[in-house]
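For the protein sequence lines, the chains are A and B, in the order given. Quick note: the first sequence uses UniProt numbering, first residue 1, plus one each step. Quick note: the second sequence uses UniProt numbering, first residue 1, plus one each step.
Careful: at least some of the hints might be erroneous.
Partner residues are not named here, just some residues of chain A that face chain B (Cβ under 7 Å, in silico) [to be verified]:
id: 1; residue: 18
id: 2; residue: 19
id: 3; residue: 40
id: 4; residue: 41
id: 5; residue: 53
id: 6; residue: 54
id: 7; residue: 55
id: 8; residue: 56
id: 9; residue: 57
id: 10; residue: 60
id: 11; residue: 65
id: 12; residue: 69
id: 13; residue: 127
id: 14; residue: 129
id: 15; residue: 130
Between beta-carbon pairs, the in silico distance windows are [stated by the list, open to error]:
id: 16; chain 1: B; residue 1: 44; chain 2: A; residue 2: 12; range: 27 to 33 Å
id: 17; chain 1: B; residue 1: 50; chain 2: A; residue 2: 118; range: 45 to 51 Å
id: 18; chain 1: B; residue 1: 207; chain 2: A; residue 2: 68; range: 38 to 44 Å
Below 25 Å or equal to it, Euclidean Cα-Cα: the simulated SDA-like pairs (lysine to any residue) are [what the hints assert, rightly or not]:
id: 19; chain 1: A; residue 1: 54; chain 2: B; residue 2: 63
id: 20; chain 1: B; residue 1: 43; chain 2: A; residue 2: 15
id: 21; chain 1: A; residue 1: 79; chain 2: A; residue 2: 28
id: 22; chain 1: B; residue 1: 43; chain 2: A; residue 2: 79
FYI, nobody ran anything at the bench for these hints, they're computed from the structure. The beta-carbon is built from N, C-alpha and C at its ideal position, and this holds for glycine as well.
Spelled out from the first residue to the last, the chains are:
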Amino acid sequence: MQIAMTVNGEQVTRDAEPRVLLVHFIREVLGLTGTHTGCDTSNCGVCVVLMDGKPVKSCTVLAAMAAGHDVRTVEGLAKNGTLDPVQQGFMEEHGLQCGFCTPGMMLTARALLDSNPHPDDHQIREAISGQICRCTGYATIVRSVHWAANHAAEEVPG
Amino acid sequence: MQIPAAFDYARADSVEHALELLEQHGPESRLIAGGHSLLPMMKLRLARPEWLVDINDLHELDFISEDAEVLRIGALTRHATLLESDVIARLFAIITDAEHVIADPVVRNRGTIGGSLCQADPAEDLSTVCHVLSAEVVIRGRSGERTLSMADLHRGPYETAVAQDEILTEIRLPVRPRFGSAYEKVERRVGDWAIVAAGAAVSLAGDGSIEQARVGLTAVGLDSGTVTRAEEALRGGRPSEELFVEAARLAGEDCSPDSDQRGPVDYKRHLADELTRRVLRRACRRAAEQGAEQTCRLP
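With these hints in hand, go ahead and build the complete structure from the sequences.
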């Protein structure tokens, strides 16, 4: 079937079987491999992308169900070569080690900051509670999101 | 890598259209809303529909509507919407309590109340909540609508009265004065199913005694959804620690948990007892507060 959606601001139309999951559509049909696959069971959260601005686990959404919607992946965070403050924050505060959970973490952080520009520790931890990081113990991820919140209005060096 | 077996896909644009599609594609067609139960089951071949009818565009089923006697919730209302709703928090705090601990925030952006009730998982939280709130559900088919109690909706684990060619459209919750409710769950980690959870709803008489009480337990093998002896013990009594302890003891005795990877039977009975006490305390406090507010608002 023909599946058309907006991905990172660009309209895409591709042919795919109805059973293709959104994560596989993004990675294998569109070639955007920044979105990761982990548990396949909507537990780990490494496949999180934004659908109409809200984080969703793309291993548990059919590409067909995302048709007509606005999808944003980690490749859509930076604008014109300038990192999103969330990406910059993860660099500044060492919000990653192996990087496997990072795309999903950053997208959830972006959605959180869009609805709540100055979250406290608890709100950040709640927002990312559906996503697993086995490296950082989460402390540096929380600091990274605070960094982004504190630098939202500034011009971030590219 | 887990991928569902092949199927065909159709998207409905209204309830009538969804019902037409179900009729047209026959017994192997299934509705999909949030998909966070059905898609995992399809990946594991526990479900293998030939057609999926996507109802995510049925915005007519995404609503929370309040009148004096009943709160109506559309079946497609997402968990995240229920969690954020001020009306729900004011009238039925048990739903807000439960939504805090259902899955995780990302899953809650997709999952729906109608999907939760139709999945009828014995460890699912909103089923207990709706039992405790004496909810009625509206089911629509090609020949019309019918309204069922929760007891009539749920026929057993993963089994409901909703026929293959029908759709659950609405949940109706009776609004009562001097009413309070609460839910609490113990889980191994965020997003897991309950080891045990308890819910309670009470309405107080004018003199402060308990007029009606319902107690429900999740994941401990209760067929009826609520705990009758505990409810009878509460009815007519004055809210007190002694009464809560007695009702909770009965709830712990009357449930029938299985020993599994989440814990042994005696631990689960202990949780049923302790959590029942906690939700009764909180429900009664909330009922008293709501009663006080209502009295203050009188002219």
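Comparing the hints with the structure gives:
1. Because the beta carbon of residue 18 (chain A) sits about 4 Å from the nearest beta carbon in chain B, less than 7 Å, this interface hint is met.
2. A distance limit of 7 Å between C-beta atoms decides the matter here; for residue 19 (chain A) the minimum to chain B is near 5 Å, and the interface restraint holds.
3. Annotation: residue 40 (chain A) was flagged as interfacial toward chain B, and the flag holds, the nearest CB pair being 4 Å apart, inside 7 Å.
4. With 7 Å as the threshold, the beta carbon of residue 41 (chain A) comes within range of chain B, its nearest partner Cβ sitting at about 6 Å, so the hint holds.
5. Evaluation of the residue 53 (chain A) hint against chain B yields a violated restraint, the C-beta minimum of about 10 Å exceeding 7 Å.
6. Below 7 Å, beta-carbon pairs count as interface contacts, and residue 54 (chain A) has one with chain B at about 5 Å; its hint therefore holds.
7. Hint status for residue 55 (chain A) relative to chain B: holds, with the closest Cβ pair at about 5 Å, below 7 Å.
8. Interface restraint check: residue 56 (chain A) against chain B, minimum CB-CB distance 6 Å, threshold 7 Å, status holds.
9. Because the smallest distance between the Cβ of residue 57 (chain A) and any Cβ of chain B comes to about 6 Å, under 7 Å, the interface hint for this residue holds.
10. About 5 Å separates the beta-carbon of residue 60 (chain A) from the nearest beta-carbon of chain B, less than 7 Å, and the hint is met.
11. Interface hint at residue 65 (chain A): satisfied, since its Cβ lies 6 Å from the closest Cβ of chain B, which is below the 7 Å cut-off.
12. With a least beta-carbon distance of about 9 Å to chain B, the hint placing residue 69 (chain A) at the interface is violated under the 7 Å criterion.
13. Against a cut-off of 7 Å between C-beta atoms, the interface hint on residue 127 (chain A) holds, since the closest Cβ of chain B lies about 6 Å away.
14. Annotation: residue 129 (chain A) was flagged as interfacial toward chain B, and the flag holds, the nearest CB pair being 5 Å apart, inside 7 Å.
15. Interface restraint check: residue 130 (chain A) against chain B, minimum CB-CB distance 3 Å, threshold 7 Å, status holds.
16. Residue 44 (chain B) and residue 12 (chain A) have their C-beta atoms about 30 Å apart, which keeps the hinted 27 to 33 Å range intact.
17. Range check, residue 50 (chain B) to residue 118 (chain A): about 50 Å between beta-carbon atoms, so the 45 to 51 Å window is met.
18. Residue 207 (chain B) and residue 68 (chain A) have their C-beta atoms about 57 Å apart, which leaves the hinted 38 to 44 Å range violated.
19. Taking the CA atoms of residue 54 (chain A) and residue 63 (chain B), the gap is near 19 Å; set against the 25 Å cutoff, the hint holds.
20. For a cut-off of 25 Å, the pair hint linking residue 43 (chain B) to residue 15 (chain A) stands: about 21 Å separates their Cα positions.
21. Distance restraint check for residue 79 (chain A) and residue 28 (chain A): the Cα-Cα separation of roughly 23 Å lies within the 25 Å cut-off, and the hinted pair is therefore satisfied.
22. With a CA separation close to 36 Å, the supplied pair residue 43 (chain B) and residue 79 (chain A) exceeds the 25 Å bound.
Going through the hint list in order, the structure does not satisfy hints 5, 12, 18 and 22.
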